[in-house]
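K.L.:
So you can see what is in the structure, the chains are spelled out below.
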Amino acid sequence: MIPYVELDRNQTYYLMFINAGRTATLDNASSQLMRFPMHEITDFMTRDHRLCDDCLVAVEQAIVNGAWELAGTEFIRFRDALLYHFLAEESVLFPRFEQRTGMSLGPTQVMRSEHVQMRQLLAAAEAALADRDADEYAGHAETLLIMMQQHNVKEENVLYPMCDQQLADQLLELLPELQKQLATGGKVAA
Amino acid sequence: MQALLSFDQAPPFGAPARFFLTAPLFAILAGLLLLWSGPGLFASRWTPEALALTHLITVGFMLQVMLGAMLQILPVVAGANMARPRLLATLVHLAITLGALLLAAGFLGLQPLAFRLAALFLGSGVALFVGSAGHALYGVPPSRATIRGLQISLLGLSVTVALGVLLAIALDGALDLPLPRVTSIHFSWGFVGWGLVLLAAVGFVVVPMFQMTPAYPAWFTHLLPWSALALLSLWSLAEAADWPAPSALLAGALLLITATFAVLTLHLQRRSKRARFDATQHYWRVGMLCTLAACTLWLVARGLPERMAALAERLEWLCGVLLLCGGFMSVIIGMLYKIFPFLVWLHLQNLGGGRVLAPNMNKVIAGQQIKRQMRAHFLALALLLAAVIWPEWFTYPAGIALLVANGALLRNLLAAVAFYRQQRTKIAALIAAATSSDGKPSLTSHPATKAPAP
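Chain order of the listed sequences is A and B.
Residue 1 is where the first sequence starts when you use full-length UniProt numbering, and the numbers rise one by one after that.
Residue 1 is where the second sequence starts when you use full-length UniProt numbering, and the numbers rise one by one after that.
Just so you know, not all the hints are guaranteed correct.
Stated by the list, open to error - Mimicking DMTMM-like on lysine to aspartate or glutamate, the simulated pairs with C-alpha atoms at most 25 Å apart in a straight line are: (1) K363(B) <-> E156(A); (2) K180(A) <-> E156(A); (3) K363(B) <-> D133(A); (4) K180(A) <-> E90(A); (5) K338(B) <-> E40(A); (6) K273(B) <-> D43(A); (7) K338(B) <-> D43(A); (8) K273(B) <-> E156(A); (9) K273(B) <-> D133(A); (10) K180(A) <-> E40(A); (11) K273(B) <-> D80(A); (12) K338(B) <-> E90(A).
Stated by the list, open to error - What the simulated footprint calls covered on chain A by chain B, stretch by stretch (three residues with Cβ under 8 Å from a Cβ of chain B suffice, anywhere in the stretch; the number is not a length): (13) 112-123; (14) 176-182.
It should be emphasised that the hints constitute simulated quantities derived from the structure, not laboratory data.
C-beta atoms are modelled at their ideal positions from N, C-alpha and C, and glycine is treated no differently.
So here's chain B without its partners, still in its complex pose (with noise of 0.2 Å):
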């Protein structure tokens, strides 16, 4: 008979970490655009600065994130095992930042052939990713909404992916495309088809578990997924044939349907039955109140008469700010203080083979630092909300305080990273002692630790 188990085909902690790692470092390099670049970034959204610093924080902050997080998540959710863990997180980490880093390098200097060397990237490592995860998930039962989700959301990806590729290609005047117009597909596949589709699907799962709160309604996150997908592929349609009446009704839709999002979250957090709130907590109803405020402004901004153009941008533009700073930044900065230390806690646990008992998760990053950052992230969203109002005044100060939030969250994560390697070798030398003194140590002899009698 076959052995059924071996223990050794979790992702290795390298796999994840590095994508996590490099994170932040796209953050930085955004608050140094709103330095270098200065107020002119926001005079329009259609700015090369305004959409070098969108792609800094979409594909360079929040792509890495969630594909790090998902190369961990898919096997513990799904039990789909991604096949060489090691190698797929070394090239597709490999490409997507190089990717991200021609694309923003792209549209400051407008070089053609940044944009054709970053889709070849970009197109490529998420090709592999997809290819593989999809591969990972093929005929595993979606039974639970979670999985559908995290399906969907791969396909999300797909799509936004490929219409950045075909737009890259487009803009120096290869191809004849109605550039707005695909633009505006291309980032709502990403906003609501990637991004909404995968935070729903993993917060479906986390923010019962971490928050103790009640669970979503069921029939809301089997609707979500696949709502989501039907609304966006018509509003898609609808726009591009240029239908403004269906394509208003649709987009509405998709907006109701991340408001409920919110609004069930931050309901489900006021039923939390944990004693206080954490920085995962507060982290999530920052999130959820920055997409509910995204959303009215959204509205506002539609129904704003032609003359109030102007008007009707800076409220996109804070709409902008709301959804990538306030609430996908959040969320995931958030959960990253969850998963980082409870990996570093998971695999030392590991190493002690059940021998040692590794130091609590609490331990991994202290909790003042957690705290410090929190309120630095929170700063630099108020200031970027207001440079958005008032660019003279704010761009700087917005600019270094981004570059402030994201270096402490680098710090916190390479804190982690030290305590990691710091304790490996300590729980190391305690089995390599404990075993040439009496062979088979226990270092945990608490009565606790057995089961009480019968």
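Isolated chain A (complex conformation) (with noise of 0.2 Å):
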């Protein structure tokens, strides 16, 4: 088994965060304070969600227009976005903090959860667009979006800086990787 890596106090708390409502123990934390903090992970990946607000918003306007066709390819990229995002984390973010970290059970497994219960949102509005049925397409919106915001605020104010600071090490190769992995949902990684 992988041994732990020394935790500090902010990733202790990080992790409480992550955990809302749940209850985290670490047993080795310790209270060395984060000496030179880095964004790189944080600023990518944010953006990164900031583009797919962006694009689930584009298929509301689209619908309110009533321009149906236009919703539908608007939705497609929005789908993309979305699922190539949780791609990313899942077949290359996470599994280099899992392996760093020796925590597989920690907050990136509320994460995976939390997308799993994602794409489920996001098959049923795809159904409710397919039959152009506004409301239905709405409810599921909505309620996604709100499951996305939150999750969103977990990873960028807790996931992504313990990335930051468990990867610095690997930026030269993963933020190549997470881009390609990104840029394969046809969008523009900045």
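Two chains, each in its own frame: build the complex with the hints.
P.N.:
In structure tokens, the structure reads:
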């Protein structure tokens, strides 16, 4: 078993945050403070969150205007953006984080289970869009939006900063890999 | 190795829900009080009926929802788990509900015993909550302005209630206090130290989140809780020491902060990316417009010469109605319409264990009912404002409107609870049926539920 990497005070707090409403205990937390905070992963992934938000808004706008064809294409853009974002996390970022920290049942597990819920909502929204049922779509989209936003808050404030700290030495290979994964979704990744 | 996670620590649905369901009952009582007391209530800010009305709204309505919501958001926003949430919710809810009823009874009957019991219940209920929340928040680094805001608002609440307890004991002459001055310090801490700071701390997160607006400027989110606390403390000192000039200056600064928050929120709302405004956004907008109007009227009232004291008193009344019914109640109800359905959805979704997709949150309360309730609330607000100026004409219509608007709010929240119960049974049955047929069911098999191949 991979031993724990020493966690500092911030990370202990981050874990509490990720496990909102649940119990998180860490037995080897030390009180060292982060000396050189890096933001590359946080900035990069946060930009992609905003991009997904914009895509969702574009679908909503098209439906309100009654442009169902456009709504369909915009939805595909949104769906791909979101799913490739999840995939980039699940196949690149999370495994590296888990490997480094030895925490496969930690915050990444919570994020993965929220991804499952969001995939379900996405499917329900897609079905409603196919039926051209504006009310049904709005209901699923609204639920998905709140789910996404509270998920993003946890990632942007907690998990990504932890990744920045834990994976600082892997940035040179990690960022291009993430970028490649996100770009597969047909997006212009900055 | 110890398991890092256990999934059963989220506050149970009933913990925040009981606070949310009790709040409209107090606003209904406020409506009944208007009908019972008639136009005489508006004779002065200091009539027993007016004081009872104010506290039915602040302690009965606002405090209920705010404590219930804090119970829910502290773990999410601050990662602060409160110990034994179910027991805490039961005790605090019981104490503040009894306390609010006794307080209103105390004002109406001018009963020293009712005041003392109200002070006991409200003091202990709030102390228990603040102690518990403070314990959970202790040591959480305030990396975000929201967390600092929540901590400061708890301090503001403590000061408000402590002064309130002092006033309740002093009312029958047991203590020799300058009552009007302590009262004005008491309600300023309530409005700004507790109400505004909490509302802003929550708004910094939920306005951009629900309405898809740009974020509030970072400098403002950091500045607001601290400066509100500092200015309020200094103002209280100036007020207690009877220094009119510094007191007026500090009060003006507090007013500026409040108005800035309202203007910023309105400005952000205009940049919302959502295709159309929903009830929550309308409620926020009206709430912020009322707050701005109240700030303006307060300034005008302060600037009037002594001989126009009667007009100044009416303007202060209008400020009170605009802030309480137009500002706080509007925003609180607007947020309830997001929080309550999302909680229903989230708890149902967790019950389904990822195997059943819960009905979406727009199904929890019918949109048409929300719109109707919103119109009733705005009508009640308009009639209350009219009743301040023409009490003989508008007191009864305002009372009825307040009754109807909050009856509708209660109805909507109860509909959500009924929906939750009905779906809970349905989901349990679905899971039982699916498990007995093939062992491991999956009710969603749409292509988009699967991740695309890399």
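K.L.:
Hint by hint, say whether it matches the structure.
P.N.:
Hint check results:
In summary, the hint linking K363(B) to E156(A) is not supported, as the alpha carbons are separated by about 30 Å, beyond the 25 Å threshold. With a CA separation close to 20 Å, the supplied pair K180(A) and E156(A) stays within the 25 Å bound. Restraint check: the Cα-Cα separation between K363(B) and D133(A) comes to about 14 Å, which is no more than 25 Å; the hinted pair holds. Restraint check: the Cα-Cα separation between K180(A) and E90(A) comes to about 14 Å, which is no more than 25 Å; the hinted pair holds.
Distance restraint check for K338(B) and E40(A): the Cα-Cα separation of roughly 33 Å exceeds the 25 Å cut-off, and the hinted pair is therefore not satisfied. For a cut-off of 25 Å, the pair hint linking K273(B) to D43(A) stands: about 21 Å separates their Cα positions. Distance hint between K338(B) and D43(A) is unfulfilled; the C-alpha atoms sit about 29 Å from each other, more than 25 Å. The hinted pair formed by K273(B) and E156(A) meets the criterion: a straight-line CA distance of about 21 Å does not exceed 25 Å.
At roughly 22 Å between alpha-carbon atoms, K273(B) and D133(A) fall within 25 Å of each other, so this suggested pair holds. Using a Cα cut-off of 25 Å, the hinted pair K180(A) and E40(A) holds, with the two alpha carbons roughly 16 Å apart. This hinted pair checks out: K273(B) and D80(A) have alpha carbons roughly 20 Å apart, not beyond 25 Å. Our distance criterion of 25 Å between C-alpha atoms is broken by K338(B) and E90(A), whose separation comes to about 30 Å.
A count of 8 residues in the region 112-123 of chain A with a Cβ less than 8 Å from any Cβ of chain B is obtained; the coverage claim is therefore met, three being the minimum. Taking a C-beta to C-beta cut-off of 8 Å, the region 176-182 of chain A contributes 1 residues in contact with chain B, too few for the three needed, and the coverage statement is violated.
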